[in-house]
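A.B. asks: So you can see what is in the structure, the chains are spelled out below.
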Amino acid sequence: MVVIDGHGGYVPLYRVDRSEVAAQHGGRGRGESAVPARDENHVTMACEAADNALARADVAGADLGAVVTASVSDPFAEHGIAAHVAYRLGATGDVRTTDLRGSRRAATDALASAREFVVANDAPALVVGVDVLPADPDSDDVAEAGAGAGAVVLRPEADEPAADLTGFGQATTGFVEHHRRHGEAAETGDAKFEGRHGVGEAAPAATERALDGAAPVKAVAAAPSGRLAGAALGGVDAEQVSTREQVGDAGAAAALLDLAHLLETADAGDTAVVVAYGAGGAGAVALQTADGVGTTDARSVATYLDAKEETTYAKHLEYREPVEYEGVKTP
Amino acid sequence: MSGPRYERSKRQDQHLIGFECQACGWVSFPEEKRTCKRCGDAPAEMEEVQLAERGEIQTFVVQQYLPDDIETPQPVAIVDLPQEGEGEPARAYGLLTETDLEEIDVGTEVVARFRELFSDGERPINSFKFSVPREEKA
Ligand SMILES: [Zn+2]
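Line by line, the protein sequences give chains A and B. So the first sequence is numbered by full-length UniProt numbering: it starts at 1 and just counts up by one. So the second sequence is numbered by full-length UniProt numbering: it starts at 1 and just counts up by one.
Hints listed in this document are in silico derivations from the structure and should not be mistaken for laboratory results. Don't take every hint at face value.
[What the hints assert, rightly or not] Listed below are the simulated BS3-like cross-link pairs for lysine-lysine, each with C-alpha atoms no more than 25 angstroms apart in a straight line:
id: 1; chain 1: B; residue 1: K137; chain 2: A; residue 2: K315
id: 2; chain 1: B; residue 1: K137; chain 2: A; residue 2: K308
id: 3; chain 1: B; residue 1: K37; chain 2: B; residue 2: K10
id: 4; chain 1: B; residue 1: K10; chain 2: B; residue 2: K33
[Stated by the list, open to error] Partial chain B-side listing against chain A, Cβ under 8 angstroms, derived:
id: 5; residue: A112
id: 6; residue: R115
id: 7; residue: E116
id: 8; residue: N126
id: 9; residue: K129
Yeah, the Cβ is synthetic: ideal placement off N, Cα and C, and Gly gets one too.
Work the whole structure out from these sequences, hints included.
C.D. replies: Next comes the structure, spelled out in structure tokens:
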């Protein structure tokens, strides 16, 4: 058995009202999207979520045997996220780092990969999802481009785990409709077609394999749109825990941010499922919550959602651009 | 060690490690000084100490004129960071982030935040800034 012994999320402070984006861009908008501050990047946001997860785990950063990250928006082809998060946490030397990307399935693949590491090495592993979706003013989904991070610490066992990981499933179909090149807006394609042949074929099959007959009461899903996320959970009769209304599209990180939110708000003894659908298929992870659910510290996902400052459409676009200064002088 | 400064000081920049003078207890941060700035001991015998991620603003200045990419007003604070163990706090200079001027004063408690400090070409260099705790904005 592998358990989740710590969970944490992170959401940037700034939010853009999607109706303000719609007013300037066209279309309609409801809810808000998180906007990273100018001085935030994938590594810093991942570290915030990881710090929160580790603070609730009975393990120090230096004791981690592996760090696995999932992201569909890492701007670098070569640079990576996992090794930098590991370094910041003090996990250096004989530490496995893995950067998963290319599909929102990276979230459940990261959980599966970390679980296998824990079983094989009897050592703790950290899983972090982090995304800052590009906001392209020419794209229809510019208002929904969100940002966030989520993390869990997996261990062979723990005194008071938040959850037991009970099952994993995947469905590789090779189906791709929604896709995106670096620096370009997503090609969203035909949502109905994707609903039927993409998510409709992959997500239920993966979920069934993970649940193995268990009936979940709570669920989270990562998918390219809110509609596809809902469809990814079409086969299960469970309450969906989602931060999408407040955070926007958080890419692969949505699965881990929402999982942290689920574990902070769940009762012990609940069956839950995490489903990630993206290019190529779907992955699913089943879990049973335990006594370590909830949070006693101040850095809960709920706090991050409440603590916010409104920002403008212009900054929603501008803050995602890389900073171009080489040093700030301190007195 | 040679190489760029951010590689040489990477460990203390990302881990809040200070250097305590064994002669007088003064804590150097982020650089390890060869000469103690307080007692003048040279070469000073410095021991590594872990600093806490929460401290108090001692004083601050507000920068108004900065390169275009940096938002102004940009407050810069002197923050006393206690040690995790016994000993004197370290005095750290730090930029404040996601913090409005109305939120800070001398004595305000701030937390260390891991942020992008500058870029080396395209590469982000991350280290610590300070902010009021996020929960105080909820
Ligand atoms: Zn001295």
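A.B. asks: Does each hint fit the structure? Answer for all of them.
C.D. replies: Structure-based check of each hint:
Between K137 (chain B) and K315 (chain A), the direct Cα distance comes to roughly 20 angstroms. Compliance with the 25 angstroms bound is thereby established for this hinted pair. Restraint check for K137 (chain B) and K308 (chain A): the C-alpha separation of about 7 angstroms stays at or below 25 angstroms, so the hint holds. Distance restraint check for K37 (chain B) and K10 (chain B): the Cα-Cα separation of roughly 22 angstroms lies within the 25 angstroms cut-off, and the hinted pair is therefore satisfied. For the suggested pair K10 (chain B) and K33 (chain B), the alpha carbons sit about 16 angstroms apart, so the restraint of at most 25 angstroms is met.
For A112 (chain B), the shortest C-beta to C-beta distance to chain A is roughly 10 angstroms, which exceeds 8 angstroms, and the interface hint is violated. Taking 8 angstroms as the C-beta cut-off, the interface hint given for R115 (chain B) holds, the closest approach to chain A being about 4 angstroms. The beta carbon of E116 (chain B) comes within 5 angstroms of a beta carbon in chain A, closer than 8 angstroms, and the hint placing it at the interface holds. Given the 8 angstroms rule on beta carbons, the hint for N126 (chain B) holds: about 5 angstroms separates it from the nearest Cβ of chain A.
Look at K129 (chain B): its Cβ gets to within about 7 angstroms of chain A, closer than 8 angstroms, so that hint holds up.
In summary, the structure is inconsistent with hint 5 from the numbered list given earlier, while agreeing with all the others.
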